[in-house]
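Trainee: Read off the chains here:
There are 4 protein chains.
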Amino acid sequence: MSEKSYEAIKYDLIISRLKSRGVEVEDIAKITLELQQQYLKDISLETCVEHVKRVLIKREVQNAVFTGIELDVLAEEGKLSEPLSTLLMEDYGLYGIDEILALSIVNVYGSIGLTNFGYVDKLKLGIIKDLDSKQDGVVRCNTFLDDLVGGIAAAAAGSIAHRFADTSKVLAAYKASK
Amino acid sequence: MSEKSYEAIKYDLIISRLKSRGVEVEDIAKITLELQQQYLKDISLETCVEHVKRVLIKREVQNAVFTGIELDVLAEEGKLSEPLSTLLMEDYGLYGIDEILALSIVNVYGSIGLTNFGYVDKLKLGIIKDLDSKQDGVVRCNTFLDDLVGGIAAAAAGSIAHRFADTSKVLAAYKASK
Amino acid sequence: MSEKSYEAIKYDLIISRLKSRGVEVEDIAKITLELQQQYLKDISLETCVEHVKRVLIKREVQNAVFTGIELDVLAEEGKLSEPLSTLLMEDYGLYGIDEILALSIVNVYGSIGLTNFGYVDKLKLGIIKDLDSKQDGVVRCNTFLDDLVGGIAAAAAGSIAHRFADTSKVLAAYKASK
Amino acid sequence: MSEKSYEAIKYDLIISRLKSRGVEVEDIAKITLELQQQYLKDISLETCVEHVKRVLIKREVQNAVFTGIELDVLAEEGKLSEPLSTLLMEDYGLYGIDEILALSIVNVYGSIGLTNFGYVDKLKLGIIKDLDSKQDGVVRCNTFLDDLVGGIAAAAAGSIAHRFADTSKVLAAYKASK
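For the record, the sequence lines run as chains A, B, C and D. Under the numbering used here, the letters of the first sequence match residues 1 to 178, in that order. Under the numbering used here, the letters of the second sequence match residues 1001 to 1178, in that order. Under the numbering used here, the letters of the third sequence match residues 2001 to 2178, in that order. Under the numbering used here, the letters of the fourth sequence match residues 3001 to 3178, in that order.
In isolation and in its complexed conformation, chain A is listed as follows (with noise of 0.2 Å):
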């Protein structure tokens, strides 16, 4: 009987990590649907989901979103100290460090995807309001979460850009080039 192989253990336990904090994958898919439907109007959630996964076996990726929610969780049951938990549990705007982790997560297809990252992030698409969102009488941090969604919509939506890149314009370029 065949043990689960260590990729395939870490891939479950990032996905069950998301989920509970309440977002599945294809949420995430959704969002770089959204991002990539104005290039490729063909493209199907499916596809948005297969990408969504690529981004999330990488182990930077993980690693970013591990560090993220941990944080998360911690300030919600208030075991940071200050002013961290105060930065944390205020989403304070002037924080940074958030945004630092999401690039992580981004840079990993390439500059193409923060100029998504950004958008996806100002814009609060998809679930992301949801959890930027507070709720009357519930303690909840999202600071690093949201963060780590967009960014893996963005790097998706990049991933996706490079694998239907339209080539037609620049390959007489390249058979030109010597």
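Just so you know, these hints were derived from the structure itself, not from any lab. This structure is a prediction, so every number in the text was calculated from the model and none was measured. Possibly wrong hints are sitting among the right ones.
Partial list, derived from the structure: chain B residues whose beta carbon lies under 10 Å from chain A [to be verified]:
#: 1; residue: Tyr1011
#: 2; residue: Gly1078
#: 3; residue: Ser1081
#: 4; residue: Gly1093
#: 5; residue: Gly1096
#: 6; residue: Asn1116
#: 7; residue: Asp1121
#: 8; residue: Ala1165
#: 9; residue: Ala1172
#: 10; residue: Tyr1174
Take a look, some chain D residues computed to stay more than 10 Å from chain B by CB distance [as the list claims (entries may be wrong)]:
#: 11; residue: Arg3021
#: 12; residue: Val3025
#: 13; residue: Glu3034
#: 14; residue: Lys3041
#: 15; residue: Val3049
#: 16; residue: Glu3050
#: 17; residue: Ile3057
#: 18; residue: Thr3067
#: 19; residue: Lys3122
#: 20; residue: Lys3124
#: 21; residue: Leu3125
#: 22; residue: Asp3132
#: 23; residue: Lys3134
#: 24; residue: Val3138
#: 25; residue: His3162
#: 26; residue: Asp3166
Cβ atoms here follow ideal geometry from the backbone N, Cα and C, with glycine treated the same way.
Using the hints provided, position chains B, C and D relative to the given structure of chain A.
Mentor: Leaving out everything else, chains B, C and D in the frame of chain A:
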């Protein structure tokens, strides 16, 4: 009789280069204004101009602008080899080096500018739309310039955000710490 | 009777946090001195201390330091969940988030700090060697701290390089430009 | 009769460009070998060559190399305007854009390459020393090339580190998680 300082020479030069490509400090400041108005409703264009100028005296920003504009101009003049020439003249979406240069500008005021840059770049606010659009019969390349302008506007917005930060919510947390 | 300013409160706090983990401003400045001595042979430790302090008043630097030290401490206290706990306690080479946080510090003074950071981190200059070494029978985690210290030292070196830049070779070029 | 694929055309082109500037894949792989030998003592030059090649097929890496080499060549030919021409011909330490381009290469395999890049760049390992040295009576500019080579070597080292990662210490931690 005193000579113009090194700093003043460099600043005048960067302003003159941007102007030669159709970009005034005010054009960039208007984008910054649009970015910051939702957070600081009383912010004036003058304040935005001042912060754009602060960004433009930074050495790394100047070097990115000199390099990017040089590449745009050489592309227009047909002096670049292939495939670079085509990548720039087509503003090829997967080129990526234009965003890399803009990112080096954005980073000057921390990760806060990052989100703004992506947003500006995607929505093509203000003069960026003009820079980005093609005109019939005109050989023009602004592949780097539109991203540089977006990067400067986003960095200036970051500078303003740091300057006018509302610290009331976090001040108590700092005082309580040791 | 005037109260301590917000800036002073934050600065004192960051110094106190570093001290609680065994790091003094002078320890960091010594690394900066080692980095810059080959370029500026008359540079003093005092100058290096002054530039390290300049780095430490930056908001983004402070937030990176608060976050990194918090994670180190929580790892030592066994308060992190798995696999993060083990990744940090083992200072796992492929974790990567420690370098990401340090990079956000280094970027504050531009790409110049980048090379210095890599060098410092690889050779484990000065106090970094002590932070990085294991002691028998002591449960200690400096996974973030050693990179943070390297990042601050490298950023201070970048700040010094900008301040004492030899512009003689390039000044004529700027004057000749328009 | 089958045509050469797009990927093959691009790969051959990047190899030919590097060769035209005096750099062979093996030269870069030797730096990677030096970087990784202390961690993996049985690593072969062949393995390093293979990972350098993997880095060189990445689109963003290719675009950085095309752009950097183009600027070096144009500087040599006296075709750049001032002050850019002097900044490049002098390999001015505060120019910074060469490191920015290299960083975009390094990021392809995550933050792990970062430390290696700084180390390689500072110690001028292998062919980087030759590229960086001036020769009497020869007009030559390798301001970008030496950093590009360092970035590729460091990224390849990162790729190897991910491939041959010792996961024994952390595997149990992942299995224990849920």
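Trainee: Indicate, hint by hint, whether the structure satisfies it.
Mentor: Going down the list of hints, with the structure as the test:
no.	hint	verdict
1	Tyr1011	violated, 27 Å
2	Gly1078	violated, 13 Å
3	Ser1081	holds, 7 Å
4	Gly1093	holds, 7 Å
5	Gly1096	holds, 4 Å
6	Asn1116	holds, 7 Å
7	Asp1121	holds, 5 Å
8	Ala1165	holds, 5 Å
9	Ala1172	holds, 8 Å
10	Tyr1174	holds, 5 Å
11	Arg3021	holds, 13 Å
12	Val3025	holds, 20 Å
13	Glu3034	holds, 27 Å
14	Lys3041	holds, 36 Å
15	Val3049	holds, 25 Å
16	Glu3050	holds, 25 Å
17	Ile3057	holds, 14 Å
18	Thr3067	violated, 5 Å
19	Lys3122	holds, 19 Å
20	Lys3124	holds, 22 Å
21	Leu3125	holds, 24 Å
22	Asp3132	holds, 19 Å
23	Lys3134	holds, 22 Å
24	Val3138	holds, 22 Å
25	His3162	holds, 22 Å
26	Asp3166	holds, 32 Å
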